[in-house]
Amino acid sequence: MAVSVDYVARETAANLWRNRLMTVAAVLTVGVSLSLVGASLLLRQGVAHATTQWADNVDVLVWVQPQASTPQLHSVEQQLHQLPFVRTCIYRSQAYDLNEAKHLLTPPEYQVLTVDTMPSSLRCQLDNPSEALAIARQFGGYPGVKSVAVPTKAIHNIQEVSGILQKVFFALALILLLSASVLILNTIRLAIFARRREVSVMKLVGATNWFIRVPFMCEGVVQGVLGALFASLAVFSLHLVLDSYSNVKTGNIWYQMQMPLGEVVVTSLVVVAIGVVIGSAGSYLGIRRFLDA
Amino acid sequence: MIRFENVTKTYKAGSVALRDLTVEIDKGEFVFLVGPSGSGKTTFIRLLLREEDPGSGRIWVAGREIGHLSQWRVPYLRRNIGCVFQDFRLLPNKSVFENVAFALEVIGRPKHVIAAQVPQVLDLVGLSKKRESLPGELSGGEQQRVAVARAFVNRPLVLLADEPTGNLDPATSQGIMRLLDRINRTGTTVVIATHDASMVDQMRRRVIELDHGTLVRDQARGVYGYGT
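These protein sequence lines are chains V and B, in that order. For the first sequence, the working numbering begins at 1 and goes up steadily by one. For the second sequence, the working numbering begins at 1 and goes up steadily by one.
For the record, the hints were derived by calculation from the structure and aren't laboratory data. Backbone N, C-alpha and C fix where the C-beta goes; we use that ideal spot for every residue, glycine too. Mixed in with the good hints, there may be bad ones.
What the hints assert, rightly or not - Part of the chain B face toward chain V, derived, beta carbon under 8 Å:
(1) R78
(2) R79
(3) R89
(4) L91
What the hints assert, rightly or not - Ranges between beta-carbon positions, derived for each pair:
(5) B:N6 / V:L28: 55 to 61 Å
(6) V:I164 / B:Q71: 48 to 54 Å
(7) V:A273 / B:R182: 53 to 59 Å
As the list claims (entries may be wrong) - Beyond 10 Å from chain B on every Cβ pair, some chain V residues (computed):
(8) V32
(9) W63
(10) A68
(11) L80
(12) V112
(13) I212
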C-alpha cells in the first residue's frame, strides 16, 4: 500500500516535536556515541597512517667516521649496494647531518658540534626491514664505519603497539555502536509506548504494519542523522585539534598521525551512514513488539 | 456474512473460551450476543478481528476463511469490519473530525474522500456541530457516537460492538442503539455483544446466547434472559 509522503512527513514532524525532549535526548546520545565511534575510527586511521610513515622511512643508518678516507667510504657504499635486499642507499654529507642535528637537538647540544666532528652517513631503505640486523653485523667493525644504527626493535614495538591500539579502538567503536543502537531502540520504544493507543487504533481500523512503522522509522532515522551530523562535527573538530598539536618541525606523533582531509570526510560519511542504519534498525526493532499482535 | 463452523478456542492457561461453536449470521442482520461474563462473547469478537487465532474449526467473513489468513492480509480484513468498544478508544489529542478522519487516513484514502465522507458520517451520528471538540470535552454518549462514526465512516460490511453501552446511562444507551439500528438499515451487518438486558428486550432482534463457550440459544426475535 502506498504511504503518502505528505502523511509521513507530517506525522514524523509532529511526533518529533511532541516528544522533543526525548528527541533531544536521543540525538545527543547518538551524537556522543557516534562522536566516540568517529573519533575511534579517526584515531585508528591516524595510528595506521603513522605506522605506515614510520615503516616507510625505515633506514639503516651507517655512520661513517669523520676522518674516514674516501676509498673507505666508497668501499662501504659499494658493498651496501651489492646486497640484494637493499633498495636504495643515499649518502648524506657531514654538512647535511650537522644541519639535521640542529633541527633535532637543542641549541646547547648542537652548538658543540662542528662539520669536522660530525659523522657523515649512508641511509638505506631495505626491501624487508628485518634484514637490518644482518647489515649491522656485517658492517659493525668495518674500517671507516663508526657505528650502524638499526631501528628494528623500535619499529617492531611501534607496529606492535599500533596493532593493539587499532584493535582496541575498533572494539571500542563496536561497543559504542551497539550502545548507540540500543539507546535509539529504547527511545523509539518509549515514543511508541507513549502512543500505544494511537497504534492500537491504527491496527483496529486496518492500517498495514508498514503504514504504522514508516513514521516511527523516519523518526529514528532523523534522530540518527541529526546525531551523526553532530558527531561529524566532532570528528572534524578532533581533526582540527590534532592538526593544531602537530608540529612539522619536530615531527611529533600528532604530525605523524596527520591525515588528508579526504579521509576525515570519508570517516564523517561513514558516521552518518552508521547513524542512518542504527536509527532505522533501532526503530524497526523498537516497534516490532507493538505490531506482532 | 459471518460463519463459525465447529470453532473451539482454548487459551494457553487451559481455559476454554469457545466450545465447538457453529453459528451463521447473514448479510444485513442485527444480532445480539449475550451471556454472562466469561461466556465467550469477547473471544467471538476478537476472533472475527483476527486478534486471536482460532484453535480449531473455521471462520468465514464475507465469503473468506479468515482462520488461515496470512499476517499481512489481516489489516485488509479489518477494513471490512468496523468496531466499537465499551471504552470508546478515541485519541484524546485529536478533534472529533480528526478522530474519524484518522480511520480513513491510515488506510490511504485521498484527502477529497476524507473531506466528503467525514462530515456525512458526523451528520449521521448528530455531531456536526462538535467536529472541532476534543474527546475530553464530550459526554460519554457523544464520545461513543464519535467511535461509531469512526467505525462506520469506511462503510464496512460488518459493524461489531463489544458492550457499546456498558459505560452509558439508559437514555444515552438508547440513543446509541437507535444509531446502530440506523446503520443496520443501510445494509451493514451489526453484531452487538452486551449485558444490557433492557436494550435487548426493547429491540427484539435475533439473540445468540453463549454460556461457557457453548451456544445455548439462538432466537430470531429474542429477549435477554430465558422466559422473560
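Practice task
Please confirm whether V32 (chain V) is truly not at the interface, meaning its C-beta sits more than 10 Å away from all C-beta atoms of chain B.
Solution key: 32 Å, holds
Practice task
Hold the hint about L91 (chain B) up to the distance rule: shortest CB distance to chain V must be less than 8 Å.
Solution key: Since chain V brings a Cβ to about 6 Å from L91 (chain B), closer than 8 Å, the hint holds.
Handout entry: Given as non-interface: V112 (chain V), which should sit over 10 Å from chain B by C-beta
Key = Per Cβ check, V112 (chain V) is outside 10 Å of chain B; nearest 83 Å; holds.
Problem - Pairwise beta carbon distance, I164 (chain V) to Q71 (chain B), judged against the given window 48 to 54 Å - result: 49 Å, holds
Exercise for the section: Would you check whether the claim that I212 (chain V) is not at the interface survives, using Cβ distances to chain B and the 10 Å cut-off? Expected result: 8 Å, violated
Practice task
Double-check R79 (chain B) for me: the hint is only fine if its C-beta lies closer than 8 Å to a C-beta in chain V.
Solution key: The hint holds - R79 (chain B) has a Cβ within 8 Å of chain V, the shortest such distance being about 4 Å.
Practice task
Grab the minimum C-beta distance from R78 (chain B) to chain V and call the hint holds if it beats 8 Å, violated otherwise.
Solution key: Interface hint status for R78 (chain B): holds (4 Å vs cutoff 8 Å).
Problem - Claimed clearance of chain B by W63 (chain V), with the beta carbon kept past 10 Å - result: At about 78 Å from chain B, W63 (chain V) clears the 10 Å cut-off, so the statement holds.
Problem - Hint check for L28 (chain V) and N6 (chain B) - Cβ pair distance inside 55 to 61 Å - result: Holds, since N6 (chain B) and L28 (chain V) (Cβ atoms, about 58 Å apart) stay within the stated range.
Exercise for the section: May I ask you to test the interface hint for R89 (chain B) with respect to chain V, counting a Cβ-Cβ separation under 8 Å as satisfied? Expected result: With a minimum Cβ separation of about 6 Å from chain V (threshold 8 Å), the hint on R89 (chain B) holds.
Practice task
Check the non-interface label on L80 (chain V): least C-beta distance to chain B beyond 10 Å or not.
Solution key: Holds: least Cβ distance 75 Å, greater than 10 Å.
Problem - Minimum Cβ distance from A68 (chain V) to chain B greater than 10 Å, as the annotation requires - result: 87 Å, holds
In this structure, the one hint that does not hold is number 13.
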